[in-house]
Structures are given as C-alpha cells and as structure tokens.
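Trainee: If you read the sequences in order, they're chains A and B.
Just so we're aligned: 219 in the UniProt record's numbering is position 219 of the first sequence, and the numbers increase by one with no gaps anywhere.
Just so we're aligned: 590 in the UniProt record's numbering is position 590 of the second sequence, and the numbers increase by one with no gaps anywhere.
Treat the hints as calculated values from the structure; they're not laboratory data.
One or more of the hints may lead you astray.
Intra- or inter-copy, both count: the list cannot distinguish identical chains.
Okay, derived cross-link-like pairs now, BS3-like style, lysine-lysine, Cα gap no bigger than 30 Å in a straight line [as the list claims (entries may be wrong)]:
hint, residue 1, residue 2
1, K353, K61
2, K61, K246
3, K322, K61
4, K322, K350
5, K246, K235
6, K238, K61
7, K350, K246
8, K61, K350
As a plain string of letters, each chain reads:
There are 2 protein chains.
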Amino acid sequence: MESGDAARPGSGRATGAPPPRLLLLPLLLGRGLQVAAAASASSSGAAAEDSSAMEELATEKEAEESHRQDSVSLLTFILLLTLTILTIWLFKHRRVRFLHETGLAMIYGLIVGVILRYGIPATSGRDKSLSCTQEDRAFSTLLVNVSGKFFEYTLKGEISPGKINSVEQNDMLRKVTFDPEVFFNILLPPIIFHAGYSLKKRHFFRNLGSILAYAFLGTAVSCFIIGNLMYGVVKLMKIMGQLSDKFYYTDCLFFGAIISATDPVTVLAIFNELHADVDLYALLFGESVLNDAVAIVLSSSIVAYQPAGLNTHAFDAAAFFKSVGIFLGIFSGSFTMGAVTGVVTALVTKFTKLHCFPLLETALFFLMSWSTFLLAEACGFTGVVAVLFCGITQAHYTYNNLSVESRSRTKQLFEVLHFLAENFIFSYMGLALFTFQKHVFSPIFIIGAFVAIFLGRAAHIYPLSFFLNLGRRHKIGWNFQHMMMFSGLRGAMAFALAIRDTASYARQMMFTTTLLIVFFTVWIIGGGTTPMLSWLNIRVGVEEPSEEDQNEHHWQYFRVGVDPDQDPPPNNDSFQVLQGDGPDSARGNRTKQESAWIFRLWYSFDHNYLKPILTHSGPPLTTTLPAWCGLLARCLTSPQVYDNQEPLREEDSDFILTEGDLTLTYGDSTVTANGSSSSHTASTSLEGSRRTKSSSEEVLERDLGMGDQKVSSRGTRLVFPLEDNA
Amino acid sequence: MESGDAARPGSGRATGAPPPRLLLLPLLLGRGLQVAAAASASSSGAAAEDSSAMEELATEKEAEESHRQDSVSLLTFILLLTLTILTIWLFKHRRVRFLHETGLAMIYGLIVGVILRYGIPATSGRDKSLSCTQEDRAFSTLLVNVSGKFFEYTLKGEISPGKINSVEQNDMLRKVTFDPEVFFNILLPPIIFHAGYSLKKRHFFRNLGSILAYAFLGTAVSCFIIGNLMYGVVKLMKIMGQLSDKFYYTDCLFFGAIISATDPVTVLAIFNELHADVDLYALLFGESVLNDAVAIVLSSSIVAYQPAGLNTHAFDAAAFFKSVGIFLGIFSGSFTMGAVTGVVTALVTKFTKLHCFPLLETALFFLMSWSTFLLAEACGFTGVVAVLFCGITQAHYTYNNLSVESRSRTKQLFEVLHFLAENFIFSYMGLALFTFQKHVFSPIFIIGAFVAIFLGRAAHIYPLSFFLNLGRRHKIGWNFQHMMMFSGLRGAMAFALAIRDTASYARQMMFTTTLLIVFFTVWIIGGGTTPMLSWLNIRVGVEEPSEEDQNEHHWQYFRVGVDPDQDPPPNNDSFQVLQGDGPDSARGNRTKQESAWIFRLWYSFDHNYLKPILTHSGPPLTTTLPAWCGLLARCLTSPQVYDNQEPLREEDSDFILTEGDLTLTYGDSTVTANGSSSSHTASTSLEGSRRTKSSSEEVLERDLGMGDQKVSSRGTRLVFPLEDNA
C-alpha cells in the first residue's frame, strides 16, 4: 500500500460518479449514526477518554445537523408542491389553460433552483475526505480501523479523478439532489400503474391495433431516426471541434431511445377539459403509455449492445441480435409478470369474499400491484413495465370483482400517488436545471436534437398513419395526424431515463438536452394545444351550461384521466352537421371482418373463458368449455353467473363489443363527476348495461356503423365553452 | 499510515453498531452502482484494459445480484402481509375473535423467521472487507484510490472489534433486517397521524382531563416504578452473576420509558366490534395515543440525562433538571409544530375554494401533514409527536372545511397507510425474534420485567383513578379500572423505541425483553379481551339482526377506529335496565361547574374565536370580537356564516358540547358503513346537526345528565351477537 498521494486536504466533498445523491438515505441513516455514536459514548462509560468522547460528540452533532438539513431539503420540495397545488387551484378557478400544472411545477422548481444556486453562499463541504490506496479493485464494503475502533463504509460510486478538487458546492445544493434510482423505483411506478389502471376504455380497445403500431413500430422508427440524425450532428460537432470527449453511435441510439418516450400529459389534460375527440384521446394516451414501456426496454437493450472483442461501438451482427433478443425477452417477461399478478389478484378477489371488507381489499390490491414491481425486478425484468401491464390487467378483470367502495378507494389512492409523483418529478426537473452540477450545454447538439425529434416524430406518425389507414375502417384524418405530430411532448419518463446515468460526457450532454426538450415541449406545446385544436378543426364537446361548481367537479374529474370515456351528450350532435368536412370520409371501406378478426378472436376468448374464470361476469364456463372438463368448469364458475345467467350474458355480450363497458363507465363517471362515489352506482350500471338487448352481431354492426358516421362528421368547429364565462 | 493489521481476510461482512440494515438503501443504490459501473465501462472505451473491465463486470454483476436479493426480501414481506390479509379475512368471515390481525401478523412473521434462520444454509458474506488505518477519527466520507481510480465510500457505523470475525450469517437474514430509523421515520408517522386524525370524538373531549392525567402522570409514574423495579432486578442479577456487562440506572429508567407506551390495538378492535362502552373506549384510546408521545419524549430526555464530569450515571440535580427541561421543551415544541401546521392547513382550506377539487385538496392535506413531521425534525423536535397533534388539529378544524369527497379520501388514505404500516411492524416483530442477531435472553430480567410492567400499570391505574374519581362527575368504575389495568398491551411504539438502539449489551437485553412482552401481551391479552369484558360486566352494544353483509360492513368500518362514536341504538337500551349494578352510582356528586370550568373556558374560546377563524362554522367574529377589531373580524369570517347565520350558530352550539359532532358523525358513518362515501351526506348531516335546537347551556345540562344516567346503568350483561349466527 502506498500512502504517497493519499492524504488529500479536505477541500470539499467531491462528486461521485452518479452525481445526484439519494436524499432519503442520509435522512434515514443520519439518526442511525447519531444514535450509534451516542450509544457507543454511553457504553464506553466511565473509562472513556475525554478526547474520544469529544470526537463522538462532534460526530453526533454533525449527524444531527445533517439530519436537520435533510429535513429542510425535503421540506423545500413539499413547500414547492404545496405552492404548485395552490396555484393550480387558482388557475383552474380562473380557467387559465395556457399553463398546465406540470409546467407550473417546473417554473417553481426553476425559481427555487436559482435561489439555491445563487442565493445561498457556497460553503465548502463539511465532510473531510481521506483517501487510502488499495491494491486492485473496489469493494462494496470497507472496514476502517480508527485508533482501535472499526468503522464500516459502503461504496457510493466512482469519481473521475479530474473532478475531485474542482467542485465547490454548497450543502443545500448537494442535499436537494436525489439518487436517480428514486425516480425509477419510487416515483415512476405509481405514475405508470395509474396510467395502466385508467386504461379501461372502449376506445382504447377499439384502436388497439393502431396504438400498438404507434407504440412499437413508431418508437423503434423514432429511436433509429433520431439516433442517426444525432450521429450526424455529433460528426458535425467533431469537425467543428465542439466535442471535448467521446460520443459513440450507441450513445446516439441511446439518446434516440430515451427521447422517444412521449408524455402528452398536458395535451391530454386539455382534451379532457374540452371533451375533445375520444378516438384521438385514446390514440394519444394509449401510445404514450405503451411507448414509455418500449422506451425503457429499448434503452436497456441498447446499453446491453456490447460487441465482443476490442472493436466496441462497431456493428456486430451477433451483438445486435443479442440486443434484439434482450429486448424481446425483457418485454415479454415483464408483460408476463404483470399479467400474472393481475390474474392472481383477480382470482383471489373472486374466490374470497374479501369485498365485504374494503380496507382489506384495498390493501391487498395495493400490495399485489406493488409486488409485481418487485417480482419483475427480482427476476431481472423491468419493474416499471410489469407494473403497467399489471395495471391494465387489474382494470380489465380485478376491478370488476372489487366492492364499490374498493373501486373508488383504489382509484383515488393511485390518483393521489400519481398526482404527487408527477408533480414532484416536474418540480425536480425545474430544480435540476440549476442545481445539477455537471450540465454540458452544447448549442449545436441541442438544436440538432430539437430538429431530430421533430423529424423523428414526423417520420413515424405520417407513414404509419398511412399504412394504418389502409387497414382501418374509420381512418385517422389529417387533422388527427397533425395533432398527434404536435403532441409529441417529452416528460417524466425521458427525464428519468436520462438522469439514470450521467457519468460520462455524452450522457451529461444528453441529460441537459433532454431537460431543455422537456421544458420547451411542456411549456410551448402545452400552451399551444387549445389554439391548435381550434386550428385543426378537431371536434370538442361543449360543456352543458350547468352551475359552476358542478362544472368544476366535472373538470377535476376528467383531468386525472380515469375513464374519461363519455361521448359528448346527444344535444351536441347538432354540431356534427355544422361542418361535415372530414377529409377522410371518402376513403376505402374494408370489411369489418378483415380488420377486426384478430381482436374478434381475442374478444371471444376473453369473453368466453377469461372473464368467466377471473370475474363474476360472462357466460358459465359449463356452457363454453368442452364437456370433458365439466368439473373444472363448475369449480371455476362463480355461483352468481348461474343465478342471473340471462342478464349477465347480455351484459357480457356488450362487453365483447365494449358497448356495455361504456354504459358501465357512464354510470360510474356520472356519479364520480358529482364529487362522490356512491354505492347505488352498482344497480344503475347494471341496469344501464342491460339496456342494449340486441345480439352481439347486431351491436357490432351498429357500433361500427356509428363509428363511420362519426368519422364522416368529424371536424366540427371548436366552440370555446370558456367564452361563456369569460 | 500503517498497513500492518489492515488486510483482513474476507471472512464475512461484520455487523455494524446499528445492526439492522436499511433494506431500501441497497435496493435504491444497487442499480446506481451497477449503472455507474456500466457507464465507466463504456466510457473508458477501447482503451480499457481487459482486467479492469472484467472487474467492473464483476462489480456490476454483484450489484445486480444484491438488487435482486433486495427485491426478494421485500417480496417476502409483501407475501407475509398478503397472507395476513387473507387470513384476517377468513377470521372475520368466520367470526374468530381470539386472535387479532396483529397477533396473526406476528405468527406469520415468526414462521418466516424460523425458515430464514434454519431453512437457508448460512453462506459467508459475499462482500470482501478491506481495512486501512487512519489517524484519529472516523469521517463520514472516504475517498479510496484504487489503481488510479477514485471511489467514494460513506460511513455506515461502528463495529465492535470482537464481532468482526465471529458473525457467520446468511445473506437473506441480513437482507430482511431494516434500519431501525425506517420504523421511526416511515412506519410510525402514518400510524400516529391516523390515531390523531380519528380522535374527533365527543367522548374523548368529555374525558380529556382523565386522559391527560393517565397519559402524562400515569406514564411518568409507570416509567419510574418500572425503572426502579428493574434496577432491583439488575442488582439481583449482578449478585447472582447473571450479568455479563454494564447495566446502569439510566438504562433501567430508559427501559421503563419505552415499555410504558401502551398500544391496546387488539382490545380497541374488539371494543369496536362489540360496541363496548364508549367512555371506556375513549379513555383507553386517548391514553394509548398520548402516552406514545409521552414515552418518546421521555425516553429521549432520559438519554439526554448526562451528568457533567466523570461521575456519569450518578444522580446530578443539574442534569436532572436539564432532562426535565428537555422533556418540556421537546414536548411543547412538537405540540406547537403540529398545531401550527394544522391551523395553517385549516386556514388554507378555508380561504381557498380548494374544496371544488378534491384531488388537490387531498394532496395538499397529505403534504401539509407530512411537512409537520419534517418541520419538527428540522427544528430538532420529535416528528412523531408533532404528527400526532397535527392529526388532532386537522380532525378538529380542517376536516370541517374539506369537501365531502376529500373527507372520505383523506380518511381512507390514512386508513390504508395505517393498516399497512401496523401490520408490517407486527410481522417484522415476529421475524425479528429469529432473524435478529444479537438477542440477549435473560430469564430473570424477562420475568422481572413482566412483574414490573404489571405492578407499574397497577400503580398508575388504581391510584390515579381514585384521585380522578374525586373530581369526576361520572366515576370510573372498578370494572373499568380492571379493564384498563388488563388492557396494558405493548405494541409498535415500544418495539420501535427498543430497536432504535441495540448497540450495548443492556439495550440488547431490553430489546429481547420488549419483543417477548409484546408477543405475550398481544396474544394472551388480545385473546382474553372478550371473556374479560363479560367477566367484568362491561356494557356492550348488541348488533341489530341485519343481513350478514351489511353487518360485516359495519364491523369493518368500526374496526379501523375512525369515529366509532355511535352509542348503541335505542332499541338496545332495554339491556341497560337488566342489571343496573354499577358499583359507582352512589358516589358523591360534585357540581359540573367545578369539574368542567377549564374545559368550559376552552370550549367557549374554541367556539367563539378558533372555530369561526379556522372553519366555516361558528358565530360571526363580528359579534364575538370586540368592536375595535371589526375590520379584521370581517376579513376572517367566512361569508357562509353571514348567509345562514342562525342555523350555523345552532350547529355550532352543538359543537361546543360535541353533541352536534356526534350527529355529524352519525350521518357520516352510516353512509360509510354502507360501503360508500356519497355526496348527499352533506345535507343529511347538516339537517342532523340542526336537530337539537336547545341553547348551549340546556344541552350541556342534558348531556351531562345523560352521562350520569348511563353511569348508573352501566354493567349490563354481555350478549354475544355472534351466537345468533354461529
């Protein structure tokens, strides 16, 4: 062991390789240390030397001080969120629409970031750094012998040697930076689960094919195009001498993957408020939910692309196929995990009478959903993706088994978690622009990125829409395509993926650029949504002239995205004939059999087997399963199905066509819109779903016919409901 | 620097001073390390040496493996909780009452603990430990130079030298042990807040004086008596040579403080189910909630008792008064913090129209309540205590300003959090009996402790009740005193305080003893509650013979302890005359003026000034405040008060006597019991609270009169409602 270059003067705590620190850790550990110190002080007893006692007291004081600072920095964030909530209320109250709550959270974050950065004088770090040299590798635990006492240290990360002495930062700035994994393991799961849980929409399933195409093909295309364009930009920067470190092709592809995760939270909120076209809503929402999952898995596949031998960063077919295999493996594995826990929850809630105890039911639901995340992580898959599919399964099956109270409880619980997590991430983004220590602002790269994401989105929306329109009965109109193009906001997922690793120069540049792209898109596109809707002639529903309070309840309700599934009420249909200039009404009419056969297959499987097994609805399995598994069928079918077999069959035939679903949602949402979630919904919704007494084929015809009619009359003029109140 | 005794063979990861590890940390950090390693691998690029790349790959693999194990161990806990929930359901379904859910959680925890301890072969720790010697003290951060690369390490804690090589433990065992601060900073706050938030009970305020006496005086007496008895036991052990390390008088007092925190969760659950006497419920619940706070502050004051100079652990008047000062300071500071944030929340919810947006309101409520904890910690007070008083303030003022939906949302949110946290703690207790590494089982100490807590409880319940009865109008009967004596269960708080510091031998012995006391009291006393109620002739309400489902809803509802404030319905009053053998009906009758003047003062202040300022109810401030602050009064009074001044005055006059409160609760709870939380409650409850049209003085008379009547008819025979259905 050498000790030559070891003892470094304690000039300040150097920044680690994953520079943002986990704030919760010291909060939790701080006291631990303090208590430990106090304990050792008391246990050493009368024999304690004065000097060591003084030391321990100093350590204790330091730990206490650190704990206090942690509390203050967490308080800062809570204050930020509180401020955001109050301002959101003011904006909603005054019907201000040009700035969404997420945009607001970012602005407040920015302001606090500026104050922390420039308002508080930079203090040198309190922690003294000592260094000692070891033989060859870093261990995760270190035992240090300090004059006879042993202290245990754990590895935090690597530090690039050049930066050890260069960083002069104040304590507060250090305290407000979180470990990036907090975003991935704590904040993203509730957001993603909520998105999946609120996906139970007939319009989502009606547009499933297109949504899958946009999410999978679209994201892949976008990633590839952005990656290649950015590689060109990087080459250009190299020529111009603007690049001070390495930037590989895989880095560019990685950037393409993380920036391809769209998050049109602002646009969707405005859609909800204005009751904009439901199909467009379903397309945008479905795409954004699924492409988050695709982007995560894609980015980790790209990281896994490591060609063998020394020619790293060159193309290698074996490594490429390995990456593709990893992508497929992780994705299908996570999907399976999510679906399996969802199915298990459905079975448990079906076969126990847990619905008599809503608290137990809610707790079970919460635990099972959380366990999906852990299960996937334990198996080496991606927890966030698994949570998404778990949410979708829970909404499709388990939700039907829950008691009425648990339905509202689970919805509200995840709604609150989602709301807090989302606003926290956005306010942290604002903060990070000033408090993050290693920004690499490169104007060329930033401009290139903006152009690339624009082109990347254009290159997947328009061609894909063209191909999809070949197969779709009701086409995706030009105005819809433009709106989708316009709605390519980037948000929480892009940020979380970018901040996850900011060790290298390339990643730092990506992070800075991502942050700016998120700011720009959320503020500009968010503010421009309402004019854009008007300009593109996209149909929006008009609010009934009800009293203001109820109005606001409606808005509030729809803002959060749970079941915003209502078609505009019939009295608004008059608007549909005002301007029947839908540009796509003359397109070709493929028969419904061709375009829908795979979904028809899935629906009938779901209706005949899955629904009866997992929920209390559907036809008895004794009628749908072959005779030889009669015993099994009898065990799995719930008694309710036999009791009221006829009405349930009808209800379920609607489920296939998701017409009954709508009625169910109607019943639900009407009540929730009144600001409550009462128990008498159950009967109303049952009645509602029994309303349509036609056979499934007839309903299908009618349904699709209605769809066509809607398409031909799309493009009504936008009527601002807010002008009435202004 | 010496390197002589440095390199220690990696025989296994030694246990640190605070032995249980924080499990969430590696879960969050694991990935960070992994990514950092991957990043440095990719950034070092083609120039990377093979050996270092291999090393980094190994580190990465190790981190990934560690992350996976973390997920598995968290999964274990979730599985435990899920199992507990399902079994609770089964028990509730079958009306099993001899075992409470918390007892069940402990049993499952025990089983898993046994499996982990004996089922999994002990593996040596994977982490290689290296040690290097420094000059004089431990720093919180360490920079280590490994062949040119710098790694950052953070301090985890001190290790007693004797234990470095002696511990052979398996990974899983290590993974399932949490940092004790998790209990204090994450799990206790929701439990305590929920207790405070559900305290809005007229019976609580009617018995406030007695509750305060039991909580403050009682806990102090109990702590002192247990401490002294245990000191005798320790002396005895020293004589018998059973004590292998130091055990001071302050340690004994500390044990007295931590074991004085009662937690009759099981008893209260059964009270709720059987609708046992509400006054007894209020006494027990109020005492247990407040004595948690007292125990925390008391224990930290005892830790702070450090006589100056070298004669530690001897009596020192200055240090003693300093401790008393610390107690008063921390307690009043925490109380103020909690009350202030509660008041701020009330003001915000009153003066904004946030109630139009229940999601925003709920989020704000949650954030403000959480900020209390952080604020108190940041100021050096006790967050848990602040959260308790915040909860009480929120329930008393803010709750009235919330929208109906937010009321049910906030209740349900904290109910779920409370449920999960409580069951987690109890299942962890079960687990800890086998997985905790440093148990010190001392039969004499354990037997002594059982005797001491029995005597300690007797010494505070009976004398205190005697003195209280001198001043109380409706006396605390002998059967009530016996029941309170019997209900001295120990639970989550005692455990959390005991596990917080297990560094010294004395503390380890205390921890083991506390664990056993919790087990014993929860299982035995929990199972014996129903027979005991019957034996002591304590009045229990009888369930109406309604259909089973609704019944269970009722039970579920009451189990969680939010507003279980219903008197038995009138048709049960016939039971009251069956056996009117209340032993205390002949006691002296002090006039109500004497016993109630301080509360009367508080109520009139609360009614005339606080309620009108903080809520929409109460008389207009313009009538109650002196004329010279008319402008201020006009600003602070909400318009609603003027609009319907007359009805609101009446409603509020009920509030003073908490009679209106009851009616409000009736309205609320009836609906919740039906499994929903509908919006039309508002009108019903308003009507309900307007029912009593008498003036406040008359109501007071009637109220207290009613109380007396109840006392005289106390002691009805127990009628088991479950016998009807069995």
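Trainee: Have a look at K61 and K350 and pick one of within, between, both or neither, based on CA distance no larger than 30 Å.
Mentor: Neither, since 55 Å and 41 Å both go past 30 Å.
Trainee: With 30 Å as the alpha-carbon cut-off, assign the pair K238 and K61 to within, between, both or neither.
Mentor: neither (51 Å within a copy, 35 Å between copies)
Trainee: Treating 30 Å as the Cα threshold, decide for K322 and K61: within, between, both or neither.
Mentor: So K322 and K61 pass the 30 Å test across copies only (18 Å; inside, 53 Å).
Trainee: When no copy is named, should K246 and K235 be tagged within, between, both, or neither for a Cα gap of at most 30 Å?
Mentor: Within one copy, since 11 Å is at most 30 Å while 71 Å is not.
Trainee: Within, between, both or neither: how does the pair K353, K61 come out at a Cα-Cα threshold of 30 Å?
Mentor: Close neither inside one copy (54 Å) nor across copies (44 Å); limit 30 Å.
Trainee: Given identical chains, is K350 near K246, meaning Cα to Cα at most 30 Å, within a copy, between copies, both, or neither?
Mentor: neither (56 Å within a copy, 57 Å between copies)
Trainee: Could you figure out if K322 and K350 sit no more than 30 Å apart (CA to CA) within one copy, between two copies, both or neither?
Mentor: Answer is neither: 41 Å inside a copy and 60 Å across each miss the 30 Å cutoff.
Trainee: At most 30 Å between alpha carbons: which applies to K61 and K246, within, between, both or neither?
Mentor: Between copies only: 25 Å across chains, 44 Å inside a chain, cut-off 30 Å.
In this structure, the hints that do not hold are numbers 1, 4, 6, 7 and 8, in rising order.
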